[in-house]
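In case you want the letters, here they are:
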Amino acid sequence: MTEIQSSGEPIKASEIDPKFKYELTRMHGGEKLLRCFQCGTCTSDCPVARFSNDYRPRTIIRMAQLGLKKRVLSSNTLWLCAACFTCTDRCPQGIEVASVIRILRNLAAEKGIVPQVFKDQSTNILNSGYAYKIPELRIKKREIQGLPPLPKSNPKNIRRALKGINFIEKKEKEEEQREQ
Amino acid sequence: MSSKYLIFLGCAVPYRVSSYEISSRKVLDKLGVELVEMPEFNCCGLPLDPVSHETMLILAARNLALAEQTGLSIITLCPGCAGTLKKVNKILKEDKAQREQINSHLKESGLELKGSVETKHILQVLTEDVGLEKIKNAVARPLTMLKVAEHVGCHLLRPGSVIGFDEPENPQTLKKLIEVTGATCLDYMDETECCGAPSVGVSDKVALQLARHKLNHVKMVEAQALITICPFCHIMFDTNELRIERMFNETYRIPVLHYPQLLGLAMGMTPEELAFKELRVDTSKILQVIEGVN
Chain W
1 MTEIQSSGEP IKASEIDPKF KYELTRMHGG EKLLRCFQCG TCTSDCPVAR FSNDYRPRTI
61 IRMAQLGLKK RVLSSNTLWL CAACFTCTDR CPQGIEVASV IRILRNLAAE KGIVPQVFKD
121 QSTNILNSGY AYKIPELRIK KREIQGLPPL PKSNPKNIRR ALKGINFIEK KEKEEEQREQ
Chain G
1 MSSKYLIFLG CAVPYRVSSY EISSRKVLDK LGVELVEMPE FNCCGLPLDP VSHETMLILA
61 ARNLALAEQT GLSIITLCPG CAGTLKKVNK ILKEDKAQRE QINSHLKESG LELKGSVETK
121 HILQVLTEDV GLEKIKNAVA RPLTMLKVAE HVGCHLLRPG SVIGFDEPEN PQTLKKLIEV
181 TGATCLDYMD ETECCGAPSV GVSDKVALQL ARHKLNHVKM VEAQALITIC PFCHIMFDTN
241 ELRIERMFNE TYRIPVLHYP QLLGLAMGMT PEELAFKELR VDTSKILQVI EGVN
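Line by line, the protein sequences are chains W and G. Position one of the first sequence corresponds to residue 1 (this note's numbering), numbered consecutively onward. Position one of the second sequence corresponds to residue 1 (this note's numbering), numbered consecutively onward.
By construction, these hints were calculated from the structure, which means they are not laboratory data. Being a predicted model, the structure only gives us computed values, none of them experimental. All clues stand as given, with none of them false.
Think about it this way: if two alpha-carbon atoms lie no more than 20 Å apart in a straight line, the pair counts; the simulated DMTMM-like pairs of lysine to aspartate or glutamate are:
no.	chain 1	residue 1	chain 2	residue 2
1	G	Lys205	W	Asp54
2	W	Lys152	G	Glu68
3	W	Lys141	G	Glu37
4	G	Lys134	G	Glu34
5	G	Lys26	W	Glu143
6	W	Lys140	G	Glu273
7	G	Lys219	G	Glu191
8	W	Lys163	G	Glu112
9	W	Lys133	G	Glu40
10	W	Lys119	W	Glu172
Construct the entire structure; sequences and hints are all you get.
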């Protein structure tokens, strides 16, 4: 993953995919992307942008509109969004900014660009139904604490339900190859 | 009148925040809300939305379909679970083509989502079902000496158009629930801002700076405690408070309570019953303040 290059590195015509924005507007949550006129409400209200030197939702939206597909999908700052939805609620153009960022992350993940934490959580869910590995001690402690047993999950059926999902199948294949 | 709900625990609560579950169950029981355990469970799907929207839809739909079989509505302690289950139910109820597509993934395990289940966060059940009046009547020892601040967090409120609960820019529900206990709820700067939890694991430093920003403002108004209603926000402020103090050379010592713990105290329950010993930040000071009143 690379830093977002909003300045410095010049944009080459060859790296622009003019159809990228239409691809995004056809996806759930991305419909209004073209309405953005770069007012900057999203970035100025973003709690993450306040503390990050390079996470800027406005920049991400502009890069998506311009079709800088490779740059935006490979940038690590894409993963900093906390999904607080402040940008979505306040965008004067009604763009679901957080959803556009989610779409971009989904596309990056399909290319295998994804922080480890998400791979770990999906492995946990496939194996146990829970996003975290809940320690045996915690589960036993519930009885002492007067809590009912944790509801059981059905990993076999979870796997069945997620059959054919690109991200999951790609991750599983990767792990299989690593084990061999 | 008693109400009956299917309790959806989620992952974070049983993993790290048992004090929230213990105090919630005690308080709900005393207020006449009956809880039934989920017959089968998987993660609501929210953690995987960033990497695969479709996975999130399927995981949430599985839970909704399982709940439909029981005929009960869902109560959650985690606003993330509540927001996800509400959102997915709305999307799939309104969009027939997408519902059929997601249902094709559930079919093999004998499940089908119809879109008939309502999901409520505990805060909603307390205000909409139990009602402020009944809660007020259940208060045995008003916490009038206590001045606290609240943190609702994000997913119970935003996106407003999907969730449709309270006023996202100026939420009042938790404030009212706090005031019913007799405590004063203070306003502070950037009250509706995010705790930073979802950025943990991607950049802990940025995430902790968000929590620090909030704690600074809570400290500024001299709140004696911070009240949360989300396992993730609680981890950010309570579990990580000492870490933030060390990392940024700050001093807070602000106790962070789950709202049901505050309410439980006001209803006359003991700190032991409400699992205060599971909290990381020392609460002895505010407990002394409360004891002093009585």
